[in-house]
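Undergrad: Protein chains in written order, with my numbering: chain D, 1 to 167; chain E, 1 to 150; chain G, 1 to 155; chain C, 1 to 361.
Hints should not be assumed to be uniformly reliable.
Okay, derived cross-link-like pairs now, BS3-like style, lysine-lysine, Cα gap no bigger than 30 Å in a straight line [what the hints assert, rightly or not]: (1) E/64 with G/149; (2) D/97 with D/107; (3) C/291 with G/36; (4) C/227 with C/278; (5) G/24 with G/81; (6) E/124 with D/107; (7) C/278 with G/3; (8) D/107 with D/30; (9) E/124 with D/162; (10) G/146 with G/24; (11) D/162 with E/28.
Just so you have them, the derived chain C footprint on chain G, three or more residues with Cβ under 8 Å [stated by the list, open to error]: (12) 9-18; (13) 53-59; (14) 86-100.
Derived CB-CB ranges, DEER-like [as the list claims (entries may be wrong)]: (15) G/45 with C/240: 29 to 39 Å; (16) E/121 with G/94: 48 to 58 Å; (17) E/35 with D/166: 35 to 45 Å; (18) E/35 with C/176: 23 to 33 Å.
Think of the hints as simulated: they come from the structure by calculation, not from any bench. Even glycine gets a Cβ: it sits at the ideal position worked out from N, Cα and C.
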Amino acid sequence: MMRKVEEWKEGRCRLFHFEIGKIQDWKPVKDLLNWARAWSLWSVHLCTGCCSPELMAVACSRFDAERFGTLPFPTLRECDLLFILGVVSEKMAKRVKITYEQMPEPKYVIALGDCAISGGLWWDSHNVVQGVDKIIPVDVYVPGCPPRPEAWIQGIRLLQKKIMEGR
Amino acid sequence: MVFSWIVSILRPLGMAFRHIFKYRFTVKYPYYVLETSERYRGRPVLDLAKCVGCGVCATICPNKAITMVNVEDRRYPQFDAGRCCFCGFCAYFCLTSALKMNGGYELSEYDKSNLIYPPEKLVKVPPPPPERKKVVKLKKLSLSTGVTHG
Amino acid sequence: MIKVEEEVVETLKQTFTEYVVEAKVQREKRVTVVVKRERLVEIARFLRDNLQFDHIASVSGVDYPEKNEFMVVYHVWSIPKKVLVALKTSVPRDNPHLSSLISVWEGVNYFERETWEMFGIIFDGHPNLSRFLLPEDWDRGFPFRKDFKLRTKPE
Amino acid sequence: MSIMRVRWGPQHPVSGQWAFWLDVDGDIVVNMEPDIGYTHRGIEKVAENRTYIQNVPVVERTSVFDAGNIVFGYVQAVEELMGIEIPERAKYIRTIVGEMSRIVSHLYGLGLLAIAVGFETMLMWFINDRELFLDLFEMLTGARITYSFFIPGGVLHDLPQGFYDEAMRRLDYFERRLKDYWKMFFLNRTFITRTRGVGVLKREDAIRLGVVGPNLRASGVEADVRKDEPYAAYDQIDFIIPTEKEGDAYARGGVRFHELEQSVSIIRQALKKIPDGKIRVKVPITPTPPKGEAYSRVETARGEIGYYIISDGSNRPYRVKISAPSFRNLLAMPFLSRNVPMADIPTIYLSLDLIPLDVDR
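Construct the complete structure from the given sequences, taking the supplied hints into account.
TA: Now the structure itself:
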C-alpha cells in the first residue's frame, strides 16, 4: 500500500498495466496539458515596484486580462505565473526568490517594466538589483514604464505561445 | 431605519442590474485595438535623413538608454528598450526632430538582447499585426454611447 | 504681508541671543533660523509652545565634507500662522551626536530614524534607531553621505 | 495570554510593497511596526547624480499613482532657485494636470478601500472611471501614468485640439457617476458599518503626529497648501476644502470623495478661464541655478509634499530632500493599530491611503 502511495505521488502508478506518468510524454496529451496550462495562468500578487497601478487597470474590466486566464490569486502555492511589477530592490530580491521557490512547477516569470528588465531609471542606485534575471529566470520581458495594459497582455500572449509550443 | 438599511443594500444591486444592458466596455485587445493619441509615447522612431548625430538625445536621457554608435562613419543613436523610461525627452529636445515617439508599445520579447534597437532597426515603424481586425476609436468607446461600464 | 515672519525672527533673536547664529526671512512664509546645537531642544520647544509651530514637515540631513560637518534641517509648519520655519543646526562630522526632538514634535520619529540610517547622525534620546529603509544586512556605509559614490555607468 | 508576533507581507494581496510586524493577543493587535524599504530606490541620492531636467522622471517615480502632483513640487522648487516666473497659461495647464492627477489617485485609493471592506464592484467602477482620465492624460501628455509633463520653465505641450470638448464631456459624465457613487457606496449600510468608528484619529493626535492631507482634514483641521500658500493658478480659482470632524475611516473616505467633486469643479473653471499665451519660458537643457536653497510645498492627493533642494551652483542639485506625504502619514498607522481587531488593519491601512512607494522613495 505504502509503495502504491509513493508511486502515486511520483505520478508513475500502474493503472491498466501501463504507467500513467508516461502518458504525459505522448504528444496529444502533452499538447492538451500545455494548452490547459497556457489558459489558466494564475498569477501571484507580489508588488515589487511602481507598475502596480497598471495591474489594477489590467485586472479590471477595460482590458480584463482574465480573458486569458490570468487571475491574480492570493495563494502562491496554486499559482503558475509570477509578475515582477517593476523595480526590485535588494531587500525585495530575497523575497522575490522565496516567492519564486514556493511556487509549484511549472512556473513562469514575466518581467514588467524596464526597472525589472535592466534596472532602468535606477542604473546608478545603491539599492536596486540591476535586472531581475540576476535572481530568477525570466521568460518574457515587457518594456515600458509602466507598460501599457495592451503591452502587458501582449506579454501574456507571448508566454502562452511559448507554453503551447512546449518550450 | 431598518427599511433604509435594506434600501441601501438593494440599491447597488439594482444599479448593477441596470448596467447589464449597457454598452460593452472591454476592449478585446489582440483583435481590437484602442487608438492611441497622437502624442502617445511609444518606442522612438529615427529618421535617418534628418539625424545629424549631435547626441543631444544621449545626453538628456535620464536612463542612459540611448548610446551613440558609428554606422558608416556617422554617429546615430542606438536605443535600448529595456532601459528606456519613455519620458520622451529625447524626442522633445531633438534639434532636428529626427526622433519621434510613435513606434508603438508592443515591444515584448523572449530575449533581452532583442530589446536593443540599433539605428537600422530603429528607423522601422512597426506594421500592425495581421490578426488585428479593427481599430476602436476612443470616442466610440467612451461617452457618446452612454455608460462605459460593464 | 511679511509681518508675521519678521515677528518670529525678532522673538527668536531676543529670547535666544547667544544661541541663534542667524535668523532671517527668506521670502514670504519662509523663515530660516540657524541655531547652535547645544540649546536645540529648548529653541524647538519655544517654537512649539510660544510661536505655535506645531506641524513637523521634514527633517533633512545635508553633508558638507569640506566644512567637516553635517547640517540637520527641521522644517516646521505652523497651522495657525501659516509660516514655515527652517530650523538648522550643524553637527561635526567626526562626532555626529544631536539630541532628538522627539519630545517636542512626535512626528520627527521616522524622519530622524531615516536621517540616522542615511547619514549616520545619532539622535540621542530617540527610542528606536534601527534599520529602516535599507536591507537588514546592509554594510556599505551611509549612502547619502557625499563620500558614498554611485556608479557612473550602467552595468 | 501570550503575545504572538505575526508578519504580514510583502507577499500578500492587501499589503502592497511592504510588511507589518503585528503583535497579536488572540485577535487583538497589541502593537504594530511597519517594515518598510522594499522599494527603496534612493531617489534622493540618485537625484544628486542627474541634471535638473533629467531628475523630472526620477522624482516622478516617488509615487506614480499621483505623478502629476509629485513633479509639481520639484519643478516649483527649481523655478524658485532659478528665479523664473512661468507663463500664465502654463500655470493653468499645470493646475488641470494636477487636479486630474488627484482624481486618478483618489479613485485608485477609494477603489482599494472598497476591496478592504469587501466591495469589489466598487473597485471595478472606480478603476474604470479612472480610465476616463487616463485617456485624457494620454491625449494631453502622451502617457497614461508617468507623464514627465512638467519641466522647469513650464510644460512640454499645449492643450491638444479638441481637448476642451472631450474633457467637458467626460467631466459631465463623471459628475453623474459621482452621484451614483455617493448613493451606492457612501450611503451603503455595509460600507458604513465597516468603516464608521474604525481607526479614529483625533485632531490633536493628527497634528502631533504630523499627519497631512485628507487624513488631517478628516480629523477637522482645515489645512491645505492650495489655500494656505496658493501656487499655480489656485489663487484665481474658487473652491472649498472639504473637512470632516470624526477622523475615522469613513470620514477619510468621505473627504476624498468630496475632493473629487471639488477637483471636477476646479478643472471646469480652469478650462474656462485659461488664457492664451506661451506655455514655456526658455530654459537651457542643463539649467544651472545659482547657489541657494528652496523649500516648495504642494498638495498632492495624499497630502502635502515638500521638496527641499539645495543648489551649489553646478548643473546638478547638491541635495534633494523629498518629504513625502505617505512617509508622514505612516506614523499614524502604528498609532491607530493599537488595540484593534486584526480584521480592521486593512481598512485602517487603505483608508490612510498609504503607498509604500511613496514611503520608501
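Undergrad: For each hint, tell me whether it holds in the structure or not.
TA: Quick rundown of the hints versus the structure:
no., hint, in the structure
1, E/64 with G/149, "holds (18 Å)"
2, D/97 with D/107, "holds (13 Å)"
3, C/291 with G/36, "holds (23 Å)"
4, C/227 with C/278, "holds (26 Å)"
5, G/24 with G/81, "holds (17 Å)"
6, E/124 with D/107, "violated (35 Å)"
7, C/278 with G/3, "violated (35 Å)"
8, D/107 with D/30, "holds (16 Å)"
9, E/124 with D/162, "holds (26 Å)"
10, G/146 with G/24, "holds (28 Å)"
11, D/162 with E/28, "holds (21 Å)"
12, 9-18, "violated (count 0)"
13, 53-59, "holds (count 5)"
14, 86-100, "violated (count 1)"
15, G/45 with C/240: 29 to 39 Å, "holds (35 Å)"
16, E/121 with G/94: 48 to 58 Å, "holds (55 Å)"
17, E/35 with D/166: 35 to 45 Å, "holds (36 Å)"
18, E/35 with C/176: 23 to 33 Å, "holds (25 Å)"
Hints 6, 7, 12, 14, counting from the list given before, are not met by this structure.
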